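When you get a sec, could you build the whole thing from the sequences and use the hints?
From first to last, the protein sequence lines stand for chains A and B. Here the first sequence stands for residues 4 to 421, where the numbers follow my numbering. Here the second sequence stands for residues 535 to 790, where the numbers follow my numbering.
In short, the hints are calculated from the structure, not lab data. Small disclaimer: the values here were computed from a predicted structure and weren't measured. There may be inaccurate statements among the hints.
Subject to a maximum C-alpha distance of 27 Å in a straight line, what follows is the list of computed BS3-like cross-link-like pairs (lysine-lysine) [stated by the list, open to error]:
1. A:Lys178 x A:Lys158
2. A:Lys355 x B:Lys721
3. B:Lys764 x A:Lys355
4. A:Lys291 x B:Lys764
So you can see what is in the structure, the chains are spelled out below.
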Amino acid sequence: MENQFFVDSEYLSPEALEKKHRLENDPSSRKSHMEYLPGMERIDSTVCEDVMSQVRNFDPSCYTAADVRRALAGGTCGIEDFKALLSPAAENFLEQLAERARLETSRHFGNTVYLFTPLYIANYCENYCVYCGFNCYNHIQRMKLSMEQIEHEMKVIAASGMEEILILTGESRSKSDISYIGEACKLARRYFRMTGLEIYPVNTDEYRYLHACGADYVTVFQETYDVDQYEKLHLLGHKRVWPYRFDAQERALMAGMRGVAFSALLGLSDFRKDALASALHVYFLQRKYPHAEMSLSCPRLRPIVGNDRIHSLDIQERQLCQVLCAYRIFLPFVGITVSSRESARFRDGIVKIAATKISAGVSTGIGDHERKYGGKEQGGTQVGDEQFEIADNRSLSHMYRDMADEGLQPVLNDYLYV
Amino acid sequence: MKNDTLIIGGHEFHSRFILGSGKYSLSLIEAAVRDAGAEIITLAVRRANTGEQENILDFIPENVTLLPNTSGARNAGEAVRIARLARELGCGSFVKIEIMRDTKYLLPDNEETIRATEILAKEGFVVMPYMYPDLNAARDLVNAGAASVMPLAAPIGSNRGLATKEFIQILIDEIDLPVIVDAGIGKPSQACEAMEMGAAAIMANTALATAENLPLMASAFGQAIEAGRKAYLAGTGRVLTRGASASDPLTGFLRD
Numbered sequence: 004m005e006n007q008f009f010v011d012s013e014y015l016s017p018e019a020l021e022k023k024h025r026l027e028n029d030p031s032s033r034k035s036h037m038e039y040l041p042g043m044e045r046i047d048s049t050v051c052e053d054v055m056s057q058v059r060n061f062d063p064s065c066y067t068a069a070d071v072r073r074a075l076a077g078g079t080c081g082i083e084d085f086k087a088l089l090s091p092a093a094e095n096f097l098e099q100l101a102e103r104a105r106l107e108t109s110r111h112f113g114n115t116v117y118l119f120t121p122l123y124i125a126n127y128c129e130n131y132c133v134y135c136g137f138n139c140y141n142h143i144q145r146m147k148l149s150m151e152q153i154e155h156e157m158k159v160i161a162a163s164g165m166e167e168i169l170i171l172t173g174e175s176r177s178k179s180d181i182s183y184i185g186e187a188c189k190l191a192r193r194y195f196r197m198t199g200l201e202i203y204p205v206n207t208d209e210y211r212y213l214h215a216c217g218a219d220y221v222t223v224f225q226e227t228y229d230v231d232q233y234e235k236l237h238l239l240g241h242k243r244v245w246p247y248r249f250d251a252q253e254r255a256l257m258a259g260m261r262g263v264a265f266s267a268l269l270g271l272s273d274f275r276k277d278a279l280a281s282a283l284h285v286y287f288l289q290r291k292y293p294h295a296e297m298s299l300s301c302p303r304l305r306p307i308v309g310n311d312r313i314h315s316l317d318i319q320e321r322q323l324c325q326v327l328c329a330y331r332i333f334l335p336f337v338g339i340t341v342s343s344r345e346s347a348r349f350r351d352g353i354v355k356i357a358a359t360k361i362s363a364g365v366s367t368g369i370g371d372h373e374r375k376y377g378g379k380e381q382g383g384t385q386v387g388d389e390q391f392e393i394a395d396n397r398s399l400s401h402m403y404r405d406m407a408d409e410g411l412q413p414v415l416n417d418y419l420y421v
Numbered sequence: 535m536k537n538d539t540l541i542i543g544g545h546e547f548h549s550r551f552i553l554g555s556g557k558y559s560l561s562l563i564e565a566a567v568r569d570a571g572a573e574i575i576t577l578a579v580r581r582a583n584t585g586e587q588e589n590i591l592d593f594i595p596e597n598v599t600l601l602p603n604t605s606g607a608r609n610a611g612e613a614v615r616i617a618r619l620a621r622e623l624g625c626g627s628f629v630k631i632e633i634m635r636d637t638k639y640l641l642p643d644n645e646e647t648i649r650a651t652e653i654l655a656k657e658g659f660v661v662m663p664y665m666y667p668d669l670n671a672a673r674d675l676v677n678a679g680a681a682s683v684m685p686l687a688a689p690i691g692s693n694r695g696l697a698t699k700e701f702i703q704i705l706i707d708e709i710d711l712p713v714i715v716d717a718g719i720g721k722p723s724q725a726c727e728a729m730e731m732g733a734a735a736i737m738a739n740t741a742l743a744t745a746e747n748l749p750l751m752a753s754a755f756g757q758a759i760e761a762g763r764k765a766y767l768a769g770t771g772r773v774l775t776r777g778a779s780a781s782d783p784l785t786g787f788l789r790d
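Written out as structure tokens, the structure reads:
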């Protein structure tokens, strides 16, 4: 599996290359992925153990067609029912899963579909995550937008009519520190009605500060809940510390954020186990923080700059659809976001079954919205490289029209900062 | 029947159907007004917080009363802030208080709702609180200055009908304000039943929004509510609990 990930950039020094190879080939050269680094806050929580004890005992192959039928028969979908819906046995019931999922989606969300766009403000990163375009050994054009540049990007996006923004950075505390992100949030409040963050995990007091700056939603992808596999994929940097990342959403809620979002990057490990863990992460945190809004994403691996061989091998569209239907049936009240990693055809289909939110007008690069939105070439202006290749590049107006044509009600905002 | 009007906070309405806010679309609002006769339409303030071309505010006909709600509020303080914002936005003086500390079932928090009702009633709002049907809480809401009480029939959006029937009946019997059944009503027959019980009005949304033929369902709701109201006013006939009526009365042996 690792062969699809390791790529040596010709720009690396011999010393850097040597260190990179040592990290890749010699596990003893890597720091413990379970030990907290200095400054990382520990919280008192049993959620991780609640989730992982279920995942450890999950054997997808032991569920039968009868289990799937029982899970679909109606009534409350419990954890065992959900496991059956994720199992290979449920693949033969995909249409029935979709029907039940559509019913739940319509009951809880009607025919609405929420639209948002991500804004990458920096792509510096101090981690070596082997599948990610931003990883510190990948040779890409690095960039961090100034406040003037961020404001310019926001103006361009806001002019398209977008009202919800998700601010993203690479995971570099030194290049994109908390106050830099906080200032970006304050700017976002001027141009957008809702601001979310997808940044490196931080401590409770830092989330509290970011909330005061205007952010109300925090997204953290665990990438994989398979701890051993996580260790092999995140070789360097603070992101390597798996348990600190796991508790990020809970710290955000403790800090007063209204909502949190979760996901595994499907394709890194057994996607059924990762889907179970993602949903249970939501399930157990919701029991502890019943007021919080929760949502799930479902990214699959995509090709990156410098490595076009990266693909999510064992999770095809049918399996992704199964996972999303199972999420919807098990957690009817949560938001489900489908990113532009997926094709327009898949997104158009899945919003009618299970998804409630999709991105539009997406750029995963840095500082290139004017070029993308206005078709204007910025002669000589530097832009930063993208995190991954997108598969659906529809603009907001295009997406809005397409959703309305599909009989859905596109919604740009349903939120107030209080 | 002609003078049978619904009075909320001194305002008079002829229709006893109120459109809820869960799922909205232009066609839903049209059908609710035209086919179900709605005169009050709920509007989530957070949903109206948009610059979208298709703002829900533009869909509301002139002769309809707006009922902004505080959905998204997790405590009394947030509900009060949202209500004040609604007034600033020009949504009038009505407000439906919705306070939820639970995103799974969206069950209202009665205690916080009472607190918000007291503050907003003092500020001159016509306060219509969404509540879990608890008699003590309902009495507190009356004392706090509510203009009606709005107990839930079942979890919102569930279309499960009058799951809390016994408790709603207690509110109808004991509370002097209009009792408006809100949330959970899935079918016209359930709306009719609530009206027969003496509910003052019905609020529904999902039941219409998810119907295959929206205008037809809206009209069915309008008629069911009217039928239930007539039955209530007519005074429903006796219903025997078991067996038949003895033709020879048990007390027939008494001589004087």
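CA of lysine 178 (chain A) to CA of lysine 158 (chain A), is that 27 Å or under?
holds, 24 Å
Are the Cα positions of lysine 355 (chain A) and lysine 721 (chain B) separated by 27 Å at most?
Distance ~24 Å between lysine 355 (chain A) and lysine 721 (chain B) Cα, so the pair holds.
Starting from lysine 764 (chain B), check that the Cα of lysine 355 (chain A) is at most 27 Å away, please.
violated, 41 Å
Taking 27 Å as the top limit, are the C-alpha atoms of lysine 291 (chain A) and lysine 764 (chain B) close enough?
The hint is violated at about 47 Å.
Checked against the numbered hints listed earlier, the structure breaks hints 3 and 4; every other hint is satisfied.
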